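Throw the hints in and build the complete structure from the sequences for me.
For the sequence shown, UniProt numbering assigns the number 1 to the initial residue and increments by one for each residue that follows.
It is worth saying that the hints were derived from the structure and are not from the lab. Accuracy of the hints is not assured; some may be wrong.
[Stated by the list, open to error] With a straight-line Cα cutoff of 16 Å, these simulated EDC-like cross-link-like pairs (lysine to aspartate or glutamate) come out:
(1) K119 / D260
(2) K211 / E88
(3) K262 / E175
Source: prediction; values computed, not measured.
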Amino acid sequence: MCQKHWPAYHISRNKDSSNTDSHSCISLRTTWHCIHKVTRGCAGSLEYYTEKSRVKSQMELYKCPFEGDIYNTTNAIQRPPAHPPDPECIYNGKGAYKHCGLFGDPHLRTFDHKCQTCKIEGAWPLVNNKHLIVMVTNKRVGLDSSATATSLLTVMIKRNDKCGSTNVITYVTHERSLPNAFDGGATHYGPGKEIELKVLEPSKYVKIHIKYIDTTILVRHIGRYFTFSIRMPEEIVNSSTADEQPELCVDGCPKLQQIDYKKFLARRQEKLREYERENKIDMLRVEAETACRNANVAGFYFDSCVFDLMTTGDNNFTAAAYNAWQDLLKLNPEIAKNGRNRTDLSIYDSRFSGISPLGATTFTNLLVLSCTLLTIWLHCL
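What follows is the structure in structure tokens.
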């Protein structure tokens with residue numbers, strides 16, 4: 001950085017080189033002062049000490065005093081004047097947001113907090129409005145399994161001549177990694193980076209922010225599959241009309257594509273008739289519960305973690321549930337304040353086991369009473 005203050009630093013040995021007020025001496029002296037200003041930040045740098053020694057040698061060679069005139073370097077780096085952001089490229093909403101997420105086998109949390117487990121296979125739209133489209137493609141995790149997971153994710157940001165691009169901007173995941181840029185190779189668009197992609201973890205975790213609609217998208221690559229989270233202003237979410245294509249984040253999964261995961265989990269290791277042909281239990285529920293508690297997930301994310309381990313046995317789905325939970329907390333911190341952090345399945349057991357906890361207690365008491373009466377009767381004989 002300091003080198004810009006002296007011409008070539010191969011100072012020509014001309015006649016005025018010995019002149020203490022020559023341009024060469026002033027340049028060298030300016031550089032010397034600059035070097036001393038950055039001493040603390042460059043401590044331990046071999047390049048820094050080499051440069052410092054070289055400048056000192058040049059000053060001694062040309063008999064330049066260390067005190068004297070220096071160039072004014074205040075405006076040494078010319079920057080273009082900052083332009084205020086275009087008002088049309090700043091989102092002015094109510095400050096209320098909605099969240100949607102998709103992860104695992106796959107499990108969906110809609111903008112309206114509906115939590116579903118689905119068996120959707122093939123391509124499905126998650127978000128589809130006048131600003132952007134998000135599509136996911138789900139495929140079976142194995143030839144002998146009906147479990148599916150997201151193998152491809154596509155984000156299409158629609159044309160916005162003023163704040164974004166005159167063309168549709170696309171971001172498409174690769175099978176084995178996440179690209180570190182949009183399809184065109186750029187990481188941002190717009191005069192003020194109104195559309196920007198940031199790599200949070202190379203090939204594993206990216207964030208896309210669209211300023212003019214104040215929308216944030218988080219995409220992760222875990223194992224062979226992907227997770228997706230989005231935070232969007234509720235005005236934009238609510239602006240979707242019935243005339244537009246269905247959106248999983250708005251409408252949820254079609255009923256025929258939904259799995260009653262609560263009933264599945266309540267039956268523990270028992271194979272339900274409706275799943276008997278298609279599903280197999282790859283991990284006992286008690287083992288899955290322990291693994292998911294250790295993964296520090298709660299509520300729907302705990303349920304999903306247990307479900308995925310029971311149906312696939314793949315620990316990558318534990319990581320998917322945990323990271324989806326973390327992304328939810330990042331995009332919607334209020335969830336952490338309002339959540340109950342449930343890490344057990346007893347509520348489903350009591351609902352689907354056929355005997356409620358109260359009923360079970362009553363039955364046990366009746367059994368004890370009957371045994372007592374029978375003992376008394378036999379004693380009296």
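* Out of the numbered hints, which ones does the structure contradict? -> Checked against the structure, the only hint that fails is number 3, while the rest are satisfied.
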